Each structure stands twice: as C-alpha cells, then as structure tokens.
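K.L.:
This is what each chain is made of:
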Amino acid sequence: MDYAARGRDMHALATRLWPLPRSLAGPAYRESLAMIEEVCGPIERHHFDTGEQVFDWTVPPEWDIREAWIRGPDGETVVDLRDSNLHVVSYSEPVDAELDLEDLQERLHSLPDQPDAIPYRTTYYTRSWGFCLSDRQRSELRPGRYTVHIDADLRPGRVELGEITIPGRTDEEVLLSTYLCHPSMANNELSGPMIVSQLADLLKAREPAPRYTYRLLFVPETIGAICYLARFGDRLRERLAAGYVVTCIGDPGDFTYKLSRRGNSLADRAARHVLTHAGEPHRIVDYYPAGSDERQYCSPGFNLPVGSLMRSTYDRFTEYHTSLDDLTLVTPDALAGSLRMYHRLIEAIEAAETFEVTVPYGEPLLSPRGLYPTTGAADPFERGKQDMMFLLNYCDGSADLLAAGDRIGRPIWDLRPHADRLVQHDLLRLVDGPRPADG
Amino acid sequence: MDYAARGRDMHALATRLWPLPRSLAGPAYRESLAMIEEVCGPIERHHFDTGEQVFDWTVPPEWDIREAWIRGPDGETVVDLRDSNLHVVSYSEPVDAELDLEDLQERLHSLPDQPDAIPYRTTYYTRSWGFCLSDRQRSELRPGRYTVHIDADLRPGRVELGEITIPGRTDEEVLLSTYLCHPSMANNELSGPMIVSQLADLLKAREPAPRYTYRLLFVPETIGAICYLARFGDRLRERLAAGYVVTCIGDPGDFTYKLSRRGNSLADRAARHVLTHAGEPHRIVDYYPAGSDERQYCSPGFNLPVGSLMRSTYDRFTEYHTSLDDLTLVTPDALAGSLRMYHRLIEAIEAAETFEVTVPYGEPLLSPRGLYPTTGAADPFERGKQDMMFLLNYCDGSADLLAAGDRIGRPIWDLRPHADRLVQHDLLRLVDGPRPADG
Amino acid sequence: MDYAARGRDMHALATRLWPLPRSLAGPAYRESLAMIEEVCGPIERHHFDTGEQVFDWTVPPEWDIREAWIRGPDGETVVDLRDSNLHVVSYSEPVDAELDLEDLQERLHSLPDQPDAIPYRTTYYTRSWGFCLSDRQRSELRPGRYTVHIDADLRPGRVELGEITIPGRTDEEVLLSTYLCHPSMANNELSGPMIVSQLADLLKAREPAPRYTYRLLFVPETIGAICYLARFGDRLRERLAAGYVVTCIGDPGDFTYKLSRRGNSLADRAARHVLTHAGEPHRIVDYYPAGSDERQYCSPGFNLPVGSLMRSTYDRFTEYHTSLDDLTLVTPDALAGSLRMYHRLIEAIEAAETFEVTVPYGEPLLSPRGLYPTTGAADPFERGKQDMMFLLNYCDGSADLLAAGDRIGRPIWDLRPHADRLVQHDLLRLVDGPRPADG
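Chains as they are written, first to last, in the working numbering: chain V, 1 to 439; chain X, 1001 to 1439; chain F, 2001 to 2439.
Simulated from the structure, these hints should not be mistaken for lab results.
Fair warning: this is a prediction, and the values are worked out from it, not measured in the lab.
The reader is advised that the hints may include incorrect statements.
Stated by the list, open to error - Pulled a few chain X residues facing chain V out of the computed Cβ check, cut under 10 Å:
hint, residue
1, Pro-1360
2, Gln-1386
3, Leu-1392
4, Asp-1396
To be verified - Some chain V residues well away from chain X (every beta-carbon gap over 10 Å; in silico):
hint, residue
5, Leu-13
6, His-46
7, Pro-94
8, Arg-136
9, Leu-141
10, Pro-210
11, Thr-276
12, Glu-280
13, Pro-368
Glycine is no exception: its CB is placed at the ideal position from the N, C-alpha and C atoms.
I would like the entire structure built from these sequences, with the hints used as guidance.
P.N.:
Okay, here's the thing in structure tokens:
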C-alpha cells in the first residue's frame, strides 16, 4: 500500500478545498462535497429542510456569503473576506452600515493571547453579524467612522449529509464520521474528510468484501450528526458494532484515542489493541462530551460504540479554531501515517472474529496434519507454534480474536493467519456469534 | 460558617465534661448527657434495664464511684481517685482491705513503656477491683502494709442511650454515632461527642431541611451500640444509607477514613470523594474489626454501611487509653477542622442525588436557553461549560452525582450547582431512585 | 518434618531410575513404575491397548530398545546407546544399514548452539529412526561409509498409567500429576515423580485423614494425560477442586507458578497465597498451552483447575531436553525445599474451609469464654486478638479461609488455629459448602 502517495494526494485535495467558504449549509458546502466525490466516487445525499425539527434542534437555513468587508475612516479596506474566510462570523446576516470604532468594537472578535491569529466564530442559531481579525490588526484601528458591508443570504434550503455505503458480507455496521462545515481550517476539518475519502477507496477495492457494512459520513458538525441520528439512529442502535469520528488527524503529533462513552466497546478494544501493538507513542483518554460528533453518537439515549482516533486533539494544539490551523500544520506524511493507522484499525475490526476449537477434549494431534514437526521435543517454545497452540486452547467460542491477542500480548495481525490455517485444517470453526459486544 | 468559634466552644464543653467519672452507666454518664443537652437541645433517652439480654450480651448494672484511694505503710495517700479518674479500674466493686505490697501488686496496672502515663482499665463483665497508676510511681512503692478503699455501688439500673433525630424530607437515614463512657480522656472520647453535638446544631438549622433523616447517637461504647441494634437494627437495615462512628477526631493529626465492611457503600464513596477533593493529607484504610462501634454496626448479620472518619486512629497515637490523652492533645483548631470535614461529608451525601437528562437523543440546544454563548466556537473547553456538558451526557438515571464526579475527578460541590441550574431549565430531572446502594 | 533427609532419599532414587531407557510405553517404563512403588507403596495401573482411540489420539505401540550404535569407516564405534539413552531417537524403528556420511547426516540431530549437549528427540507417531549426538562430535565425523544398527521392537501392547488414591473425608478431589517417560533427564522428569512419591508418603501418614481425596498420577506425558481424561475426565470435571502438574521442580532456581487456564481457581488462589507468604522469591505466570500435561487438563472442553508449581520452567533453563539436564542440576536441597513448598500448598488447600459466625448480630462477648482478658481496654490491637476478631466478623459463610487471609494479608496457617479455637467455643461453625469454586 503506497500510503506516502496517498498522503500527497490528500494534501493536494485539501489545498483545493481550502478556499471555499463552507458553513453548515449552502453552496460552498455542496461544492466541497462534489469535489470529494471526484476522488472517491458517488456520495449519496440525505436532505433535511430548513425548519425541520430534529430532536431538540431546528434545521437552520442555508448561508450564502458573497462579500464582506470593513472600510476605515479614510476609506481604506481594513478587513476583507477575500483575505480569509474566517474574517466574517459564520452565518452573519447581511448588513450595510456606518458606525464609530467604539460601536464597531462590539462586533469584532480577536485573541489577545494569540495576536497574529484570526479566530473562528459562528452565529448559527441567533441572527447576528460580526467580524474576526487578528488582535494585532485590531489594536491598530484608529478612532473614526467605519463602513461595514456583508453581502450574504440566509434563506430556506436544506442541510445535506453525504454518505458512502460499502456493503459487507453482514449487515452489522461500522461508522466513520467526519465533518465538512469549517472554512479554511486544515487539521480541525480537512484532515478528516481526506482520510475518510481514502478509506472509502481502500474499502471499495478490498478483496474479499469486508465483513461489516461501512457507513462513511461527511456532514456539517453537530446538526449533521443529529439529523443522521434522527433518521437512522434506530438502525445504528441495532447494528452498529464500532464507529469513529475522524478529525484532527493531519498534524504530526502523537496519536490520541478518545474512548467511546461505554469505554470498552469493540471500537475501544480495537483502537487500544492497534495502538498498543503499532509501536508508536500514543495516549488513550476517557470519553468527555466536548469535542466533535461523538457527543451526539454517545448521547445517553443512543450511547453508541463510537470513539475518535486523532493526533493532536482540539484542546491540545493552539492553532485550533484560528487561521493558524492551516495547510502547513497538516503534512502529507502525517496524513499518510494516519491513513495507515485507520487502515490497521479497520483490518483489526475485520479480523476480530470468534472461533471455537473442534477438538475440545485434550489437544488435537498435530503432526499427521503437517502442523507440527514429526520429530518431537525440539523447540516447543518457538513463537509460531506457541501462537497456534494458544489458539487451539483459548478459542472456545466465548471471546473474539482481539481478546485472544490481549490475553497474551500478541497483535491480531499475527494471530489471524494462524486461525485461518487452523480453520483450513478443520481444527477451528468460525462461531456465527452475536453482534460484537463490549469486552 | 464560623468553624473556629465552634472549635473553641467544643473545647470549652470538653473541659467541663472532663472531671466527671463516666462509665457505661450511672450518674456521671447521665450528668454528661445532660450537659451536652444544654448545648444541642433535647436528647431522647432509650433505656435498657440491668440484666436484659441483648444479643450475646447482658445489660450491666450501674456503677457509682464516690471515693477510691490507697494508703501506704506510713498512712500517706499513695493513689487517690480525686487526682485522676483513671486511678480506679472502671466498674471496680467496693473494697476495704489491708494487704502487703506483694499482694497489692496483683491489683495494680501500669505501663513500663510509658512510665509517666496512668493506663485506663475496665472490668465491666467480671466482678473485680484494681487501681491504675504510673509505672514511675509504682516503682517507688516501698514494701509494707497498704490500705485500699473503694467506695462504689454496682446496682441494678439501666443503660441509657441518647439520640437526637433530625427529620429529613425522606425516611432514608444517616447515622452519626459516638460514645460517652470514658472518663477523662480527650481524643478517644470527648472529641466525638463534641463534633456530633455541633453537627446536631448545624443540621437543625439547615435550610432546606436535609434530604435524609439524621440519627445522632451518644452511647456507652460497645454495649450501647449493641442495645441500639437490638431495638432498632431492623429499621437501620432497611433505611440506613450511610453512617459514621465519630471518635479520635480532636487531635491535629491527618485525617484517616476507615472503610465500612462493605468497602463501597455510600458512606465510603462520599468519604473517599470528600477527602480526595478537600486537599488535605489523609489515608484510607480497610475495615478491620478492632476499633469502636463500627464493630457492632458492621457485624455480619447487620453489615451496615458504617465507616469512621477519624484523625489519629486509636492504634496510632501513643496517648490512647492513658492519662496522656488529655485536653492538650485535642485543640480547638483541630476540632474546628474536623467539624468542617464532617460538615462537607454530610453535604456531599445530601448532594449525591441521581439525575436523568430530559433530552437523551443528541445534545440539547443550549444557546437559546442562555446556557451557552450565542456566538459559537469560542473556548468550548472552559471548565464550567465542560461540567455542564458532562452532566448532560453522563446523567442517565443510573448513577448518582458522586459517581459522576468520580468519573471526571471533579468535586460534587462544584457539580451540584450545575445540576440544579439544568433542573431549572428542565434539562435534568431528579430520579426518585431506589435507596443509595453500593457504588 | 525432616525434609532434608527426604531430599537425599529423592536424589538417591532418581539416581537409580536414571539409566533406564524409558519411553511412552514398554519394559523400561514398567520397571521404573515398579521401582517407585518400592518407596511409596502400591500403585494402581490403568491400561490402554495399542490402537485404542482416545479423543483425537491413538494409543501407540510399546517400544523396547535393546541396542543402538553407529560404526565409522574404520569400524570404530562412534555412537552407542550404552553411553547415553538420548543417543537414539525415542521410538526409532529397527534398522541395520550401511550408508555414506552424507546420507547419515539426515538421520542425525545435534545442537549447534550447545555443542556439548546431546539433544532429546522423539518420533512417537511417525515410523522413523535417528540418532542424537553432540554437535562437537558430529563435526568430527569423517566422510566415508557408516554402519547403523538399532535393535528395537515396536509391538502392540499397552500404555500404562500409575495412580495412587488416598481417600479423604469427602469425595472432592485434588490431583497431583507427573510424568515418567523421559530417559535420563533429571529436572524435566525425575524431579516430578520424586516429589509426588514423597507426597504420597506424607498424605498416607496424615492424621487426621485429609479432607480431599488425592489422586497421584505417574503417566507418560501427553498420551497418558489424554488417556486418563478419556476414562476419568467426567469424574474430574465433577469433583476436582484443585490440581497441579509436578515437573521441573528439582533445580535450585526460584519457584514459578503457572496459573490454570481459569486463572483464579482454588489451585491458583492457594498457590498465590502460599508463595506470597512463604517469603521466598518467586514469580507467577499466566497460563499458556506450551509445557506439560496442564495442556490436556486445561483443554477447553475440560478446563480443569490445574496449574503447575515449578522452579526453573522448561523454557528458562538451557539444559532442558538435553543430556545436560542431569543429576548435578538437581540437588537434594532443592528437592527438599520443593517438597516443603508442595506440602504447604496441600495443607493450605486442606485448611481453606468456609466458616460462618454463630453470633452474627453484634460481637459475641468473649471474656466469659476465656477468649479475651477479663480486664478490658489493654492492647486491643495485639495480632492474635485481631486475627480472632477478624474471623468473627469476616466469616459469614460466603468465602473460604484463603479469601479471609488474602483480605488482611495474613497466612492461612496462622488463621486456621484461631478458626479451630472459635469452632471449639461454638462461635464459628463449618459451612458444608458447595465445591470450592473460583475466587
């Protein structure tokens, strides 16, 4: 697998998506979805009309931003949307006004602690408007009369969710959910859709077809996950074996796995296992309901087995939610490594089946089956032999291959080939077990 | 709350109680109870007549000690009850005799390892008599003829238990049990009744009335707890949510919490939580059946959720059960700090209710309710917001607020105001749950 | 108990057994069993005829080896069975042939990493033949024509298992299983039968008779355990409380306990407890299905509570399965210490009964029963008193005396006498509990 080449492809696509002024809904969001579709094939759309009630929320209007600027006392342009999509508060209503600096200040957002960063602000559910700028620039504004102009529409339309379904051999599901509503931010946004679009490609090409049916979601954050749950939540509750929210995954920081609310779901067990055996520094943190769409998937009424494998988490990189979260923070190499880790994670989940030994009383005699040297007593502690003997003893149909690996500290990718060989020799059989439960 | 002033009041009352020659039953015990009543209001009495069978025990007679002394070969007074209540073995029968030093020695108790301390000894359940004195004094006794005199009565009467009941909004109970049968010892005795009498005062003044019904007991150690259990044990087994034996709580040593026999009862969970977050050095020790009345409450037939929050435990201060456990060992400041800690403990138990989110599917939309800034994306990791979001996710009616705080390492006194605010906004509702069980 | 003398006796018997060319079945195996019988009394035999199917296995023929040698180009004897039983591959078929060194090499086994060691090899289940020799000797073989001669029979007969049954007061069983099919190896073979034969002696002499019925097995490794399970496995599944495979127990290395597959069976709990309190360095390792007959006893269809207390385990001493595992590696002192440890283990299992206090409500009054000083308040924290008080509180019929000791970190051999004394005073009673289950 040429992850490095895919890392470069991902970064190139992120560069193309960068300038679009995305928000929850509207033309830029739609255009972004279409651009991703070019890479990973058809994406199904689910529509939710403005004003529709979804649980505690109401579907917002579309926002179409065309122009936004502030002109200073001498008519000079002080702030212009064309310089950065973050300059205008997302979902600002249209405005044309003149006002004194003093009054303008109430509409401005900046970060005194990060004087060069333009912050990211939104006003999705309250009609308002505002501008964001660097604190350095703000401090240089001279008293006087300012002209502000926002040319935008807030009109009824629809929130759109993009979904790719990759059918598996069973109808048990795995969810990979990412979001696409942030304009011009790289790690906390574009890294996620880049990874998910590549995973779509890998899963479609997989032979044999995967065991699980995969649901890959591109949604506007929060409202998108809520809409999806409102329409498909019952199915997820019934069929979802594991899921991950894919975000903050493009910087070169160490991996972080945030557990699902359950803490020991298949999603969690697989992530722990893969990170433990991948040999890279990482940390595992408990679930907490700040972050991204795991907040919706893990809301107590659903409590789905959804965690999040990230690199530097939202609360640990200072560029988060500012103009400094740009395409230099995210690197092709880091994206390549992230893709590889998510790929391993998926393959670990695929491999985590449950087996049962067919000769449960005493050991099976292995030498006539060609599984053991005919001359005995040499090297019984060789690792391959030990793995095989372990599986013949451990597999009693009560626990899957991840649990087996965890019991002896061996990675599932080393154990699974032994299990397959033992199945070929009719010494193990696959247990058509119940849906993978908590560990 | 002026804990310091209460600390001084407690020490002053202990000073008044000090000279009374208390034992299991008799006039000095009764007088002590009346003296405490002056401070904390009416105390109900429960009577158990001498000779009554209570489980494996028989209620003892009353003991009235008036005079006790030893005179030496030259008629000089060697030991006199008037110098220390500990000089006479508690429940000594009356005696008037002359005997040689050699025979007297068999009736004397001293501590070679602590030559200046008078030990505390009792003979409650076997008729006998004896004297206690310092080993230094004992070593100076000259051979010769000694006169001993004990003017005491051992007569039928009754063991009395004092109980203050503070009705709560429910009939679930919290027990605070202390003992009042030791003469002239300060940490291992008077500190306990002092704290409990102040807690009675605080609980009576509490607004609103507490959720739990509080039972505050002043009893003679061991036999008192056994009598109480014989009469009220079935009620405790049905209703007791948490209890503490209050003793050894007046010295300046670090706090020690001794777990109940169950180890994870509400009493234990609350004490662990409060000590963890109070920021004072402390240790937590497993239950063991040496100590005080927790031995009775945690006897296997009852196995009640009763622990003990102490400072220097009976087995860790050398003055224990000697004349050195005096009013210099116990300080107003230490008493004040202990009252404060018990007060926090009670408030933690009161706060540990169970809540359920009213919007379990997806997160509730907070900004229109004034619970979240209308301009989004700023500082989602601010602590207050995180606490609120956590409660909206965690509270599914299955675990109380102590468990919530333990999950994220936050004190219940910080979480509870958020819970109340969310109840006001109809986002949480109180679960009229079952009796608080083990964690 | 004079363990040192028994250590010397064990080493002397091992020296007598050393020269016999034992294998799975045949005259040398039978003779060895008879030699052990001289020491520890009658051993019952169970027979399994050649060709009989036992689970996945077929009972092999008997092997009678009389002579085996290789002569070199000049007629000189290069290898001779008379020098070492390991020189011939066990279960070699008869052969008389001349062949070039090049062809002979394919029939030779040596260890390049251990040039002075003769390896141990077998060909039980495939007809073949071969010789083993040191790599040093092998490297000196000159090109030319060699004569090989193996005078052996492979004839129908029977596999024999030896069993000593020591009846107990109940029909619950404890299994001690060792093997006797290795020729001329000391730690990985003879140490086991030596220890088991001494344990037979100790258990027969025990007064009173043990609580458990003991099964002491001397079998050929693997096939012997499988045969035993085929005939008696259902009984073991129903009655076996604990078992140990006794091997690798004669060298001076630290003790190693290998857990049963269950991990917390009575066998495991007792071994952990005894090793923890015996004060000798040791390690405890998880179950893994390489090793000895625990592989059969712990096969998933049986999953019996069988662990293995060893010293240097098969995978940790380099002499394993070579001619270097000789009678200098095993010492009388080490055998004596091992016997002592197994003896403690058996006595811990015997002592691990379950008790229930007869006075569950409040403490019993101890002083009139002579169990507590009549003068109270002195030294309540003395260890003996604490042990007794602990038992009176802990024993509620729900857990055995090993669990009691583990709760307070006290060895069962200190607690049991207190329990017996309390039974004599009618304060504890033995619970005729269910079969000891997992802890």
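K.L.:
Is it the case that Pro-210/V keeps its Cβ farther than 10 Å from each residue Cβ in chain X?
P.N.:
Since the minimum Cβ distance to chain X is about 28 Å, Pro-210/V lies beyond 10 Å and the statement holds.
K.L.:
So, as I understand it, the hint says Asp-1396/X touches chain V; can you test that by seeing if any CB pair is closer than 10 Å?
P.N.:
holds, 4 Å
K.L.:
Closest CB-CB distance from Leu-13/V to chain X, is it above 10 Å?
P.N.:
holds, 24 Å
K.L.:
Classify the hint on Leu-1392/X as holds or violated, based on whether any CB of chain V lies nearer than 10 Å to its CB.
P.N.:
holds, 7 Å
K.L.:
Holds or violated: the hint that Pro-1360/X contacts chain V, with Cβ atoms closer than 10 Å.
P.N.:
Pro-1360/X check passes; min Cβ-Cβ to chain V is 3 Å, inside 10 Å.
K.L.:
If I take the minimum Cβ distance from Thr-276/V to any residue of chain X, is it greater than 10 Å?
P.N.:
It holds; Thr-276/V is separated from chain X by about 24 Å at its closest Cβ, greater than 10 Å.
K.L.:
Over 10 Å from every CB of chain X: does Pro-368/V meet that, or does the non-interface label fail?
P.N.:
holds, 54 Å
K.L.:
Hey, does the Gln-1386/X contact hint survive, CB to chain V under 10 Å?
P.N.:
holds, 5 Å
K.L.:
If we take the beta carbon of Arg-136/V, is the closest beta carbon in chain X still more than 10 Å away?
P.N.:
holds, 19 Å
K.L.:
Does Glu-280/V sit more than 10 Å from chain X, CB to CB?
P.N.:
holds, 25 Å
K.L.:
Is Leu-141/V truly not at the interface, in the sense that its beta carbon sits beyond 10 Å from all beta carbons of chain X?
P.N.:
holds, 20 Å
K.L.:
Does His-46/V really sit off the interface, with its C-beta more than 10 Å from all C-beta atoms of chain X?
P.N.:
Holds, since 16 Å exceeds 10 Å.
Going down the numbered hints, you'll see the structure goes against none, and every one checks out.
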